[in-house]
Amino acid sequence: MASQPNNNLTLAAADLACIRDDRTLFSGLAFSIGPGEALLLEGRNGSGKTSLLRILCGIRLPDAGRINWCSEDINRLGADYHEHTAYVGHRDGIKLDLTPLENLAMARALGKPNDTTLEEALEKVDLYGFEDVLTRNLSAGQQRRLALARLLVTDTALWILDEPFTSLDVHGIKVIEELLDQHTSRGGMLAVTSHHAVNLANTSIQRINLSELAA
Amino acid sequence: MTSDSLLRAFTLLLKRDLTLAMRHRAEMINPLLFFVLVTSLFPLGIGADPKLLQAVGPGVIWVAALLAALLSLEGIFRSDFEDGTLEQFLLSSHPVSVLVLAKILAHWLITGLPLLVISPLLGVLLGLPGDAIIILLVTLALGTPVLSLIGAVGVALTVGLRKGGMILSLLVLPLYVPLLIFAASAVDTAAAGLPVTAHLSLISALLVLSLSLSPLATAAALRISLS
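Protein chains in written order, with my numbering: chain A, 955 to 1169; chain B, 398 to 624.
It should be emphasised that the hints constitute simulated quantities derived from the structure, not laboratory data. Keep in mind that this is a model prediction, so the values were computed, not measured. Ideal placement from N, C-alpha and C gives every residue a C-beta, glycine not left out. Heads up, a few of these hints could be off.
[Claimed, not checked] Taking beta-carbon pairs under 10 Å as the criterion, some of the chain B residues facing chain A (in silico):
| no. | residue |
| --- | --- |
| 1 | F407 |
| 2 | R413 |
| 3 | S476 |
| 4 | E479 |
| 5 | S489 |
| 6 | P492 |
| 7 | L513 |
Starting from the given sequences, assemble the full structure and let the hints guide the process.
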């Protein structure tokens, strides 16, 4: 979790376009996120939400336009940008044949570790007591919470989340919403897609509907 | 990122892959079993004439090692690709090529090292002389890491395809051919009692070349496959 306030960080996209199989998903998209702000992407299935998030991560290149992190192109920054971001995608990014603790230890080693212990992170997502069970034996919702626990063990400013609430129950959704709210109140940033309503009391949410943008 | 945390990521990733292999022992033993079975079928197929076996022995063992490696290659990245952990490696704050090297090293420890350990036994089975068995061991020690290193580039390029297996063999096998030629001929030459320094130098050169280029190429190929 960000220990120092990140007051000067910004993510700015200009003139973004994504073309998939000769279909223009979106074009001319521009936005900017600052500390404590959230970007909520909406739109129908196939409107390009996941593609946009993957572009924001730097996994996929935009077909036009550019994304700047503190006025530097993210694809030029490479690992210097990834150091500040955490991504929980459509797939959980955890190994089913490792225990939650082993999974989190790997996630922590891949980024910049913070001072939250692995046990504390598990406790925050209500998985305390499951640390030595193989992840395979956890329920879908518990696996999703473990994936989200990855966000807590490294020191990152921008969280990029693709449908974070999939398979979570009402209580789980509330727990995660609280974590997201805490993140932004510490000066963190969010880029989220969700079919559920996202209730973040202390966060200014910017909504973009990709279906309306489609050419 | 400091080199300290990079080292920690490297060792943790290595440990992770070895742990996963230990939890899937059957998969781990499969290539080794293939190697032993193929090699031991040859005396049954072509007759137990010691001269004949000695002549084909080095080639047989090396071809079997090569096919066994090919059999296990997909495992380097396939499951990580499917559960999304591969994306996490690409989004890490560490150089991807170093992480890739840890995965290749794990693959070699899991599949290459067992071949190396069991190969003297197969040498004896095929009636190779003692000197030739030692050289066989040396060529396998230098050569099996090359199999993993070159294979990783091929797997990284094909991991995004649904049926990449066929293309993988076509991509990787031609690159294995020089190694096969030098390694099998080194063992042959040793069996004839001639010096093999030149062969071993060439195989070492292949190892150094693939060790320095393969992690970079693999990292770039993974970026393409995942985008």
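Can we keep the L513/B interface hint, with Cβ of chain A closer than 10 Å?
26 Å, violated
Does F407/B hold up as a contact with chain A if the rule is Cβ-Cβ below 10 Å?
Check passed: Cβ of F407/B comes within 9 Å of chain A, closer than 10 Å.
S476/B was flagged as interface toward chain A. Is the shortest Cβ-Cβ separation under 10 Å?
8 Å, holds
Does the CB of E479/B sit less than 10 Å away from some CB of chain A?
Since the shortest Cβ distance to chain A is 8 Å, the answer is holds.
Satisfaction of the S489/B interface hint, Cβ to chain A closer than 10 Å
4 Å, holds
Have a go at the P492/B hint: is there a Cβ in chain A nearer than 10 Å to its own Cβ?
7 Å, holds
Closer than 10 Å between Cβ atoms is the bar; does R413/B clear it against chain A? Give me holds or violated.
6 Å, holds
Comparing the model with each numbered hint stated earlier shows that hint 7 is the single one that does not hold.
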